[in-house]
Amino acid sequence: EQVSNWSDILQLVVLELIRKIVRANPFEKSRYIRCILTLFSSESNAVVYECASVLVALSSSATAIRAAANSYTQLLSSQSDNNIKLIVLERLQDLKRQHSKVLQEMVMDIIRALSSANLD
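Residue numbering for the sequence shown follows our numbering, beginning at 3 and increasing consecutively.
Wrong hints could be hidden among the right ones.
[Unchecked claim] Only pairs whose alpha carbons sit at most 27 Å apart, straight line, appear in this in silico BS3-like list of lysine-lysine:
hint : residue 1 : residue 2
1    : Lys87     : Lys98
2    : Lys22     : Lys98
3    : Lys31     : Lys103
4    : Lys31     : Lys98
5    : Lys103    : Lys87
[As the list claims (entries may be wrong)] Have a look at the derived ranges for each label pair, beta carbon to beta carbon:
hint : residue 1 : residue 2 : range
6    : Leu19     : Asn47     : 18 to 28 Å
7    : Leu19     : Ile113    : 29 to 39 Å
8    : Ala64     : Gln95     : 12 to 22 Å
9    : Asn85     : Ser9      : 34 to 44 Å
10   : Leu12     : Met110    : 29 to 39 Å
11   : Ser9      : Arg33     : 20 to 30 Å
12   : Asn84     : Val109    : 26 to 36 Å
13   : Arg114    : Lys22     : 28 to 38 Å
14   : Ile11     : Leu39     : 19 to 29 Å
15   : Gln100    : Val15     : 21 to 31 Å
16   : Phe29     : Ser117    : 42 to 52 Å
To be clear, the hints were calculated from the coordinates, so they are not data collected in a lab.
The model shown is predicted, which means the values in this text are computed figures rather than measured ones.
Note that CB positions come from ideal geometry on N, CA and C, so glycine has one too.
Could you put together the complete structure from these sequences and hints?
Okay, here's the thing in structure tokens:
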């Protein structure tokens, strides 16, 4: 719970550590999912992106995939840099390959995020 107050660099390190721990011991996954979900509220876009990536890597549940897709969609609408949008779209495309049913529910949100003009 205190992780959300740490700097974005430390939050990214925590996410990488969680990924490594769960790869080594998959039975520990449930202990760390809550920490990942807490970090979704970070102000850093890099942390939110990594949270979504780690969550997709650790869980294939529809709820986890929906949370990751929501985060990617929010990043699409909040970023004005087209390179970032392309990276996020690639992640969404990867999700679509494996979890097309979940992403079908979000098509309108993704289109809305792409069509909204960001005035940054």
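For each hint, the structure was consulted:
1. This hinted pair checks out: Lys87 and Lys98 have alpha carbons roughly 16 Å apart, not beyond 27 Å.
2. Restraint check for Lys22 and Lys98: the C-alpha separation of about 25 Å stays at or below 27 Å, so the hint holds.
3. Annotation: proposed proximity of Lys31 to Lys103 holds, straight-line Cα distance about 24 Å (limit 27 Å).
4. Between the alpha carbons of Lys31 and Lys98 the distance comes to roughly 23 Å, so the proposed pair stays at or under 27 Å and holds.
5. Taking the CA atoms of Lys103 and Lys87, the gap is about 22 Å. The hint holds against a cut of 27 Å.
6. Separation of Leu19 from Asn47 is about 20 Å and conforms to the stated range, judged on CB atoms against 18 to 28 Å.
7. Between Leu19 and Ile113 the CB atoms are about 36 Å apart, so this pair conforms to the stated range of 29 to 39 Å.
8. Ala64 and Gln95 have their C-beta atoms about 18 Å apart, which keeps the hinted 12 to 22 Å range intact.
9. Between Asn85 and Ser9 the CB atoms are about 24 Å apart, so this pair departs from the stated range of 34 to 44 Å.
10. Between Leu12 and Met110 the Cβ separation comes to about 36 Å, which falls inside the hinted range of 29 to 39 Å.
11. The hint said 20 to 30 Å for the Cβ distance between Ser9 and Arg33, and at roughly 23 Å that hint holds.
12. With their beta carbons about 21 Å apart, Asn84 and Val109 fall outside the hinted range of 26 to 36 Å.
13. For Arg114 paired with Lys22, a C-beta distance near 36 Å keeps the hint of 28 to 38 Å intact.
14. With their beta carbons about 20 Å apart, Ile11 and Leu39 fall inside the hinted range of 19 to 29 Å.
15. Our hint of 21 to 31 Å for Gln100 and Val15 holds, since their Cβ atoms are close to 27 Å apart.
16. Range check, Phe29 to Ser117: Cβ separation about 43 Å, and the 42 to 52 Å hint holds.
In summary, the numbered hints that this structure violates are 9, 12.
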